[in-house]
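Chains P and G supply the protein sequences, listed in that same order. Just so we're aligned, residue 214 is where the first sequence starts under our numbering, counting upward by one. Just so we're aligned, residue 1224 is where the second sequence starts under our numbering, counting upward by one.
Hints in this document: simulated from the structure, not taken from any laboratory. Please note that the accuracy of each hint is not assured.
[Said to hold, decoys possible] Looking from chain G toward chain P, a few residues come up when the C-beta cut is under 7 Å (computed):
| id | residue |
| --- | --- |
| 1 | 1257 |
| 2 | 1262 |
| 3 | 1265 |
| 4 | 1266 |
| 5 | 1267 |
| 6 | 1282 |
| 7 | 1284 |
| 8 | 1304 |
| 9 | 1307 |
| 10 | 1311 |
| 11 | 1326 |
By construction, the Cβ of each residue, glycine as well, lies at the ideal position given by its N, Cα and C atoms.
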Amino acid sequence: EAGVVQSPRYKIIEKKQPVAFWCNPISGHNTLYWYLQNLGQGPELLIRYENEEAVDDSQLPKDRFSAERLKGVDSTLKIQPAELGDSAVYLCASSVSGSSYEQYFGPGTRLTVT
Amino acid sequence: QKEVEQDPGPLSVPEGAIVSLNCTYSNSAFQYFMWYRQYSRKGPELLMYTYSSGNKEDGRFTAQVDKSSKYISLFIRDSQPSDSATYLCAMTDTGFQKLVFGTGTRLLVSP
């Protein structure tokens, strides 16, 4: 069974440029999560989807970050414009609905903003 | 004060040693406790989860939860160089409102 797929794996952009990350969850997983992981820290939740609905986006900086999950499968996280402080690893995870204790993570996208 | 505290390490042990990794937490509503392993430049990999208090064993790994002390542990028996990674604890309440992670402990197992 394929795991969570993310692309790109690495991205280098200049500040003020836009960037987008893509995630394909495990088949059958209705819940999808986007996390931010800074160096030496644990992941922090940005947004959680149940199918197409964003049920928890309280930690998403909405002035520059946006996300969508059309058709309840793939998801895209966008930053516009990027700032130096956005340099981090962006992780996508998925789980069966009601089983957030059993989340499976993708490899992440390492973003560097110069 | 963070909700979940975890010693960042690094923790260096020789091959074959028993490793003890720990987390403390402050939120008494937490009921599910998870351990993830994260290799360099990889995503976290779920090792095991435990509901409420008690022990759970999976091969060389044993997870313990002591809710009265708000303290969880992961023991690794007969540690191997391939166990060298960062170990993250995570926990959530029964409402699954949020998964809270520790900062991770970096483990180095030398041959």
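Structure-based check of all given hints:
The closest approach between the C-beta of residue 1257 of chain G and any C-beta of chain P is roughly 6 Å, which is under the 7 Å cut-off, so the hint is satisfied. At a threshold of 7 Å, the smallest CB-CB gap from residue 1262 of chain G to chain P is about 10 Å, leaving the interface hint violated. Given the 7 Å rule on beta carbons, the hint for residue 1265 of chain G holds: about 6 Å separates it from the nearest Cβ of chain P. Annotation: interface hint on residue 1266 of chain G holds; nearest CB of chain P at approximately 4 Å, less than 7 Å.
Hint on residue 1267 of chain G holds. Least Cβ distance to chain P is approximately 5 Å, under the 7 Å limit. Hint on residue 1282 of chain G is violated. Least Cβ distance to chain P is approximately 18 Å, over the 7 Å limit. For residue 1284 of chain G, the interface hint is violated, since its Cβ never comes within 7 Å of a Cβ in chain P; the closest pair sits about 16 Å apart. A distance limit of 7 Å between C-beta atoms decides the matter here; for residue 1304 of chain G the minimum to chain P is near 22 Å, and the interface restraint is violated.
Among the interface hints, the one on residue 1307 of chain G is violated; its C-beta lies about 17 Å from the nearest C-beta in chain P, farther than the 7 Å criterion. At a threshold of 7 Å, the smallest CB-CB gap from residue 1311 of chain G to chain P is about 5 Å, leaving the interface hint in force. With a cut of 7 Å, the hint placing residue 1326 of chain G at the interface with chain P holds, because the nearest CB-to-CB distance is about 5 Å.
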